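Number of protein chains: 2
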Amino acid sequence: MTRERLYLFDTTLRDGALTTGVDFSLDDKMNIALMLDRLGVDYVEGGYPGANPLDTEFFTKKRTKRAKFCAFGMTKRAGRSIGNDPGVAGLLASDTDAIVYVAKSWDYHVHVALGCTLEENLECIAESVRAAIDSGREAMVDLEHFFDGYKANPDYALACAATTIRSGARWAVMCDTNGGTLPHEIERIVAEVARVIPGDRLAIHAHNDTGNAVANSLAAIRAGARQVQGTLNGLGERCGNANLVTLIPTLALKDEFAKAFEIGVTPEALKEITLVSRAFDELLNRSPNRHAPYVGASAFATKAGIHASALAKDPRTYEHVTPDSVGNKRAILVSDQAGRSNLLSELARLGVECDPADPRLNRLLETVKERESQGFAYEGADASFELLARAALGGVPDFFEVESFHVGVERKVVAPGVTYSASQAVVKIRIGDDGFISAAEGNGPVNALDLALRKDLGVYQKHIENLVLRDYRVRVFQGGTDAVTRVLIEFGDGDRDTWSTVGVSGNVIDASFQALVEGIVYRLVKLGVPAQ
Amino acid sequence: MTRERLYLFDTTLRDGALTTGVDFSLDDKMNIALMLDRLGVDYVEGGYPGANPLDTEFFTKKRTKRAKFCAFGMTKRAGRSIGNDPGVAGLLASDTDAIVYVAKSWDYHVHVALGCTLEENLECIAESVRAAIDSGREAMVDLEHFFDGYKANPDYALACAATTIRSGARWAVMCDTNGGTLPHEIERIVAEVARVIPGDRLAIHAHNDTGNAVANSLAAIRAGARQVQGTLNGLGERCGNANLVTLIPTLALKDEFAKAFEIGVTPEALKEITLVSRAFDELLNRSPNRHAPYVGASAFATKAGIHASALAKDPRTYEHVTPDSVGNKRAILVSDQAGRSNLLSELARLGVECDPADPRLNRLLETVKERESQGFAYEGADASFELLARAALGGVPDFFEVESFHVGVERKVVAPGVTYSASQAVVKIRIGDDGFISAAEGNGPVNALDLALRKDLGVYQKHIENLVLRDYRVRVFQGGTDAVTRVLIEFGDGDRDTWSTVGVSGNVIDASFQALVEGIVYRLVKLGVPAQ
Numbered sequence: 001m002t003r004e005r006l007y008l009f010d011t012t013l014r015d016g017a018l019t020t021g022v023d024f025s026l027d028d029k030m031n032i033a034l035m036l037d038r039l040g041v042d043y044v045e046g047g048y049p050g051a052n053p054l055d056t057e058f059f060t061k062k063r064t065k066r067a068k069f070c071a072f073g074m075t076k077r078a079g080r081s082i083g084n085d086p087g088v089a090g091l092l093a094s095d096t097d098a099i100v101y102v103a104k105s106w107d108y109h110v111h112v113a114l115g116c117t118l119e120e121n122l123e124c125i126a127e128s129v130r131a132a133i134d135s136g137r138e139a140m141v142d143l144e145h146f147f148d149g150y151k152a153n154p155d156y157a158l159a160c161a162a163t164t165i166r167s168g169a170r171w172a173v174m175c176d177t178n179g180g181t182l183p184h185e186i187e188r189i190v191a192e193v194a195r196v197i198p199g200d201r202l203a204i205h206a207h208n209d210t211g212n213a214v215a216n217s218l219a220a221i222r223a224g225a226r227q228v229q230g231t232l233n234g235l236g237e238r239c240g241n242a243n244l245v246t247l248i249p250t251l252a253l254k255d256e257f258a259k260a261f262e263i264g265v266t267p268e269a270l271k272e273i274t275l276v277s278r279a280f281d282e283l284l285n286r287s288p289n290r291h292a293p294y295v296g297a298s299a300f301a302t303k304a305g306i307h308a309s310a311l312a313k314d315p316r317t318y319e320h321v322t323p324d325s326v327g328n329k330r331a332i333l334v335s336d337q338a339g340r341s342n343l344l345s346e347l348a349r350l351g352v353e354c355d356p357a358d359p360r361l362n363r364l365l366e367t368v369k370e371r372e373s374q375g376f377a378y379e380g381a382d383a384s385f386e387l388l389a390r391a392a393l394g395g396v397p398d399f400f401e402v403e404s405f406h407v408g409v410e411r412k413v414v415a416p417g418v419t420y421s422a423s424q425a426v427v428k429i430r431i432g433d434d435g436f437i438s439a440a441e442g443n444g445p446v447n448a449l450d451l452a453l454r455k456d457l458g459v460y461q462k463h464i465e466n467l468v469l470r471d472y473r474v475r476v477f478q479g480g481t482d483a484v485t486r487v488l489i490e491f492g493d494g495d496r497d498t499w500s501t502v503g504v505s506g507n508v509i510d511a512s513f514q515a516l517v518e519g520i521v522y523r524l525v526k527l528g529v530p531a532q
Numbered sequence: 001m002t003r004e005r006l007y008l009f010d011t012t013l014r015d016g017a018l019t020t021g022v023d024f025s026l027d028d029k030m031n032i033a034l035m036l037d038r039l040g041v042d043y044v045e046g047g048y049p050g051a052n053p054l055d056t057e058f059f060t061k062k063r064t065k066r067a068k069f070c071a072f073g074m075t076k077r078a079g080r081s082i083g084n085d086p087g088v089a090g091l092l093a094s095d096t097d098a099i100v101y102v103a104k105s106w107d108y109h110v111h112v113a114l115g116c117t118l119e120e121n122l123e124c125i126a127e128s129v130r131a132a133i134d135s136g137r138e139a140m141v142d143l144e145h146f147f148d149g150y151k152a153n154p155d156y157a158l159a160c161a162a163t164t165i166r167s168g169a170r171w172a173v174m175c176d177t178n179g180g181t182l183p184h185e186i187e188r189i190v191a192e193v194a195r196v197i198p199g200d201r202l203a204i205h206a207h208n209d210t211g212n213a214v215a216n217s218l219a220a221i222r223a224g225a226r227q228v229q230g231t232l233n234g235l236g237e238r239c240g241n242a243n244l245v246t247l248i249p250t251l252a253l254k255d256e257f258a259k260a261f262e263i264g265v266t267p268e269a270l271k272e273i274t275l276v277s278r279a280f281d282e283l284l285n286r287s288p289n290r291h292a293p294y295v296g297a298s299a300f301a302t303k304a305g306i307h308a309s310a311l312a313k314d315p316r317t318y319e320h321v322t323p324d325s326v327g328n329k330r331a332i333l334v335s336d337q338a339g340r341s342n343l344l345s346e347l348a349r350l351g352v353e354c355d356p357a358d359p360r361l362n363r364l365l366e367t368v369k370e371r372e373s374q375g376f377a378y379e380g381a382d383a384s385f386e387l388l389a390r391a392a393l394g395g396v397p398d399f400f401e402v403e404s405f406h407v408g409v410e411r412k413v414v415a416p417g418v419t420y421s422a423s424q425a426v427v428k429i430r431i432g433d434d435g436f437i438s439a440a441e442g443n444g445p446v447n448a449l450d451l452a453l454r455k456d457l458g459v460y461q462k463h464i465e466n467l468v469l470r471d472y473r474v475r476v477f478q479g480g481t482d483a484v485t486r487v488l489i490e491f492g493d494g495d496r497d498t499w500s501t502v503g504v505s506g507n508v509i510d511a512s513f514q515a516l517v518e519g520i521v522y523r524l525v526k527l528g529v530p531a532q
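Protein chains in written order, with UniProt numbering: chain A, 1 to 532; chain B, 1 to 532.
Calculated from the structure, these hints are not laboratory results. Source: prediction; values computed, not measured. The reader is advised that the hints may include incorrect statements.
No copy is singled out in the list; a pair is fine if it fits within one copy or between any two copies.
[To be verified] Here are the simulated DSSO-like pairs of lysine-lysine, each with C-alpha atoms no more than 30 Å apart in a straight line: (1) K61 to K369; (2) K271 to K151; (3) K455 to K412; (4) K455 to K62; (5) K412 to K428; (6) K412 to K369; (7) K526 to K428; (8) K526 to K462; (9) K369 to K329; (10) K61 to K428; (11) K526 to K68; (12) K259 to K61; (13) K329 to K151; (14) K62 to K526; (15) K412 to K462; (16) K151 to K259; (17) K526 to K412; (18) K68 to K329.
Excised from the complex, chain A in its bound form (with noise of 0.2 Å):
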């Protein structure tokens, strides 16, 4: 039997980059589209070019291989001619596959916000759609206020999509921009629209307002919706998008929509959907929901007592689905075998050489359950897991001792309004028989660390020369000052290669130059330089 195709559409970088709090960079933007091209979306939709700086530059080019790279933008004002619309042409400038614009469709907005007519407001996305069009772009429209649209106007709510088709548009986008409409309502909505308009031109949007954007999203599709729209776990405005991540194997995996429907994910590409989630929250420097459903570190961890002795005959009837289709793992190890499973798999990943009867894994395996509870976390810190793993394997030569650190920060009023600030570091370490001191000024104390570290590591010097300090995060547990630090480092070589380092401990400075030490430790490792 055929499947029809379901197009995945994200707005992570649009609809989500309007999360409080989020702020993302040129550079974030394009790990971002890359990571969801790798991970199978049909759209990548990018920003608003013309909105600020950061935008208009990340459109300069197309930013993704096999996805469609969208902008989005207004349609033309009421009243102005499309050759005369600074944001249209905004968009038409821009380097991308696809152009999506935002139209009211809710009878009440036209009148209040845009103070034009209903027709005026029919003729600007028609026009915007074929202009976008004779640009040799596919055209899409996101239908504002759809659904209240509908219940208030259901000819005119109606009118916008069918003039947006009419136009050639490909989409034609429900949104549901409150978020406010329950699942019931949307498939009923849906199900109408449907009957006018092909379903394989229909798109759904929704937003978590009442907890139910994935619910909404799926019975969107049961009721004909061919293209639905969300965000990497759920980013957005107020409440959030509709959550990909957990959109993504519920299409994959779950009968009714398995057997109906083609996704661009493939099952490999969806047993990387944790590390996605995972990767996607490191860099926006937030703790993962552990309770997310299917990627979370709980999504498939049992606690109850009455159900071990079942889990442990048969764990499929305790799971909905198999955590390895997701690339997660089952948390409550069944036997020691799927923990040891998984850390050969690790081992086996970083090129770490192995006998798998060998009795030291399992002192390993303990001590890395160890250092998680600490607060350690090596997901996102390939580098230290690895020299973990070979101290415990063989042995990673004693390149140097740090024998002390002191950092000092000191800021003053030194006259009015004039101020004196300063980060001093002394770094003192021993090379064999050697001793070394090092200070060092930098413009923080984490800084002035790394700095007094690397300013002389005697033979080991030239080997660290072109090291750089890539990416620095900080995240504390149990809030409060007095709580526990995790610090990340990313380092590079200036070249291609990147890897990162943890470091944990109730100060923020010692967690930093655990890191520090570490991604120095890790380079010699990397390159073979003996130990003296």
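Once you have looked at the hints, place chain B on chain A.
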């Protein structure tokens, strides 16, 4: 029109207690039971008497006033008389209004996990229910894996439900134990069951493994179920249970449900639900989810400038319910993307009086934009924003001046394997003509600074005695340790009030110190303390 009664059943203290990392004390349990009682739920499930000494102790006394207090446990075992089953005896000995039994309803599980016949399992249900009723209590039965069981053997799952009701139980609880059932399946199956058993005897117990716990609960109600189970903030094993804090507002405020059903939560109690949700997180010592439907700090926050001006015209067009109805607030984010209208509504929300024509508003907007471009983010730092606004519009008293601070962090190896580590801070301030210098040691540099700063603030000291640091977050921009660091600190007064400040600097210590100082200044401003 008379509305049908819809019952709310809370299992925070039983199913919610299975959440990874959650560990209720007896005090916690008593507080939560009272919190739920005040909110107006109909049933409070307290735990599993006999499972551990704490739960046994908890059940020596009824812990609710209005709500029915329920104990949970297994139906009697096959091959053993009811009078000879210690589990049932424990339930009967507890001081409760109702007994909730859990029983298998999937034939496969009866065979594999219980090892008895299907008929014996039905007898266990019947006898256990009758024992509860004979003891003068209400009985209900949680039918484990009801939906998977129904798909595998509908007749047997139905027989379990029918036996439950025929034996006199008030409710047959259809549990989606794995959490893998989708809304359309729930709706179909419940509708089928409701043809055999009156809906007024059917309850729904949903889990969130596909992100549909809320939608599944609503679907079951639409199909006939008249009792809905869930937990505060969606606590629960794996991905959690249905979130009552999301469900209750939907049931109370959305026409289709509100017109059809009466629930025990009054409109006045509903206005407390935001507070209940946050107080519960407080008790769990975790940060509230800003994006939670209805009650999240961002649930009514708008960042898009195009929406903010329309919001100012008519908030109802952008809000699916009024924030006030659930005791939440409208927040309009001051950010790059927005403008003057955002700023004005934000000032109004914070209670900062201001003439819309005041020319100082433009300067304030410029300042906000400039500071945001430096890395400040006021979305998560109301207190810093209010201080900035008050300073621009009318002045904030000069309570004290920080003349200098110094922090030192030291770590050294004092003997093989023995490390000495210390963080010390000295803070020098001036209040009027008086100088104060304080020193403190902390488990990290920020902790040391915080302690030193708050050690002696002279005349202000008494106003900040109960101030606590509740959360501390660090974000680094543009990569590398020489980048810009943003620190967000959340303060509390140990009671209900919380406020957040932001600091930005190239130096994490400096950024933290700014946020610490602003947290204190804000407190003094809000208390109306005069400057010396």
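Quiz item: If you check each hint against the structure, which ones fail?
Solution: Of the numbered hints given earlier, those the structure breaks are 4, 10, 11, 12, 14 and 18, listed in rising order.
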